[in-house]
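Chains as they are written, first to last, in this note's numbering: chain A, 38 to 153; chain B, 846 to 957.
Source of the hints: derived by calculation from the structure; they are not laboratory data. Treat the hints with care, since some could be wrong.
With the C-beta cut set under 8 Å, the calculated list includes, among others, these residues of chain B facing chain A [said to hold, decoys possible]:
1. 853
2. 862
3. 873
4. 876
5. 887
6. 888
7. 891
8. 925
9. 933
10. 937
11. 944
12. 947
13. 948
14. 949
15. 950
Ideal placement from N, C-alpha and C gives every residue a C-beta, glycine not left out.
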Amino acid sequence: DGGITQSPKYLFRKEGQNVTLSCEQNLNHDAMYWYRQDPGQGLRLIYYSQIVNDFQKGDIAEGYSVSREKKESFPLTVTSAQKNPTAFYLCASSEGLAGAFSYEQYFGPGTRLTVT
Amino acid sequence: GQQLNQSPQSMFIQEGEDVSMNCTSSSIFNTWLWYKQDPGEGPVLLIALYKAGELTSNGRLTAQFGITRKDSFLNISASIPSDVGIYFCAGCRRNRDDKIIFGKGTRLHILP
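Turn these sequences into a full structure, and let the hints guide you.
Rendered as structure tokens:
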């Protein structure tokens, strides 16, 4: 089955620690995205990558970092500089600019991060 | 920046009722997408619209791309308990560096 996997589903960390969230896709999509969702809020874009070894900041990139070394993988690191890291994190992918339906994004199941 | 206004924020309906929600934009979009999110899960794409005036159905769901290209509507007919969740609209201009803009969602509650 093709899809997007995120692990773990729930993650608990102490304040001051960096934590890396995993996102893997086997849809052969070029573009991948990270969003943050807070209660009662919409989706806010953290980082996105349109191609391997390239990525751009989204609307709320401060305190986060990413890498895109492989097409299938786009891990997100929540650093200790992120002032309010507790949230639901969603990874998505799309075909990319070359695809006819490049703007249809498909989401993973999410990781709920709690920092205390 | 671009903003999407999605309304209503929440709805309480009886099972079997029809549901309507909409999204409006301050600027023109060339793509409208509708997603549903179940509690604790990622959003699932329901319907994609690519042409002004387009009307597309997916089972009991029907979505329309507004003629002005600044709005879109989603209707759900004969609601059932599994329709509960948050419905998000998303729009995009489909320019090279464009990103999808998401609305804040409509939370649908179904009363027993």
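Checked hints:
1. 853: Violated. Min distance 14 Å.
2. 862: With Cβ-Cβ at 24 Å, over 8 Å, it is violated.
3. 873: With a minimum Cβ separation of about 15 Å from chain A (threshold 8 Å), the hint on residue 873 of chain B is violated.
4. 876: holds, 5 Å
5. 887: holds, 3 Å
6. 888: holds, 5 Å
7. 891: Violated. Min distance 11 Å.
8. 925: violated, 23 Å
9. 933: holds, 7 Å
10. 937: Holds, about 5 Å.
11. 944: holds, 6 Å
12. 947: This hint holds: residue 947 of chain B lies near chain A, its Cβ roughly 4 Å from the closest one there, short of 8 Å.
13. 948: holds, 6 Å
14. 949: Cβ of residue 949 of chain B sits 4 Å from chain A, so the hint holds.
15. 950: holds, 6 Å
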